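With the hints as extra help, turn the sequences into a complete structure.
Here the sequence shown stands for residues 1037 to 1152, numbered as in the working numbering.
Just so you know, these hints were derived from the structure itself, not from any lab. Take the hints with a grain of salt, since some may be wrong.
As the list claims (entries may be wrong) - Here are the in silico distance ranges between beta carbons for each label pair:
hint: 1; residue 1: D1131; residue 2: K1105; range: 19 to 25 Å
hint: 2; residue 1: Y1132; residue 2: V1040; range: 21 to 27 Å
hint: 3; residue 1: L1121; residue 2: G1141; range: 20 to 26 Å
As the list claims (entries may be wrong) - Distance condition first, Cα-Cα at most 20 Å in a straight line; then the derived DMTMM-like pairs of lysine to aspartate or glutamate:
hint: 4; residue 1: K1105; residue 2: D1149
hint: 5; residue 1: K1129; residue 2: E1109
hint: 6; residue 1: K1068; residue 2: E1109
hint: 7; residue 1: K1063; residue 2: E1126
hint: 8; residue 1: K1125; residue 2: E1064
On a predicted model such as this, the values are computed, not experimentally measured, just so you know. Glycine included, every Cβ here is placed at the ideal spot set by N, Cα and C.
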Amino acid sequence: MHPVVASILLLLCSNVFMTFAWYSHLKELNHKPWLAAALVSWGIALFEYLLQVPANRIGYAVLTVGQLKIMQEVITLTVFVPFALFYLKEPLKLDYLWAGLCMLGAVYFIFRDKLG
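Printed below as a string of structure tokens:
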């Protein structure tokens, strides 16, 4: 498997854990003390790191750290928007579209040397 593909797949899985670690407590543990929510979130985040660290190491074999970071941010937004809409029941806003367009600009600028 190509390192970029492996990195993307690992980062997608990592981001699912990250998003749940960062935001699911707002829905599931909002009645618990913040310390309990933090401990549960740290437990979930461990799985995120077990995927994220190898993803970055694999990706760094063929990408710059800047390219890895922008790729991570695009994946984060790709995972976060459905999570916010379907899990947290947030309303769909045009702001997600604008943020996505800004990310496309970032992707272009950080990867443009590989495009030509």
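Verification of the supplied hints:
1. Distance hint check: the CB atoms of D1131 and K1105 are about 22 Å apart, consistent with the given range 19 to 25 Å.
2. A hinted range of 21 to 27 Å for the beta carbons of Y1132 and V1040 is consistent with their spacing of about 25 Å.
3. Between L1121 and G1141, the C-beta spacing of about 23 Å keeps the proposed range 20 to 26 Å intact.
4. A C-alpha spacing of about 16 Å is found between K1105 and D1149, which places the hinted pair at or below 20 Å, so the restraint holds.
5. The suggested pairing of K1129 with E1109 holds, with an alpha-carbon distance near 19 Å, which does not exceed 20 Å.
6. At roughly 30 Å between alpha-carbon atoms, K1068 and E1109 are farther apart than 20 Å, so this suggested pair is violated.
7. Distance check on the hinted pair: K1063 and E1126 sit about 11 Å apart at the alpha-carbon level, within 20 Å; holds.
8. For the given pair, K1125 sits about 13 Å from E1064 by alpha-carbon distance, which is consistent with the 20 Å threshold.
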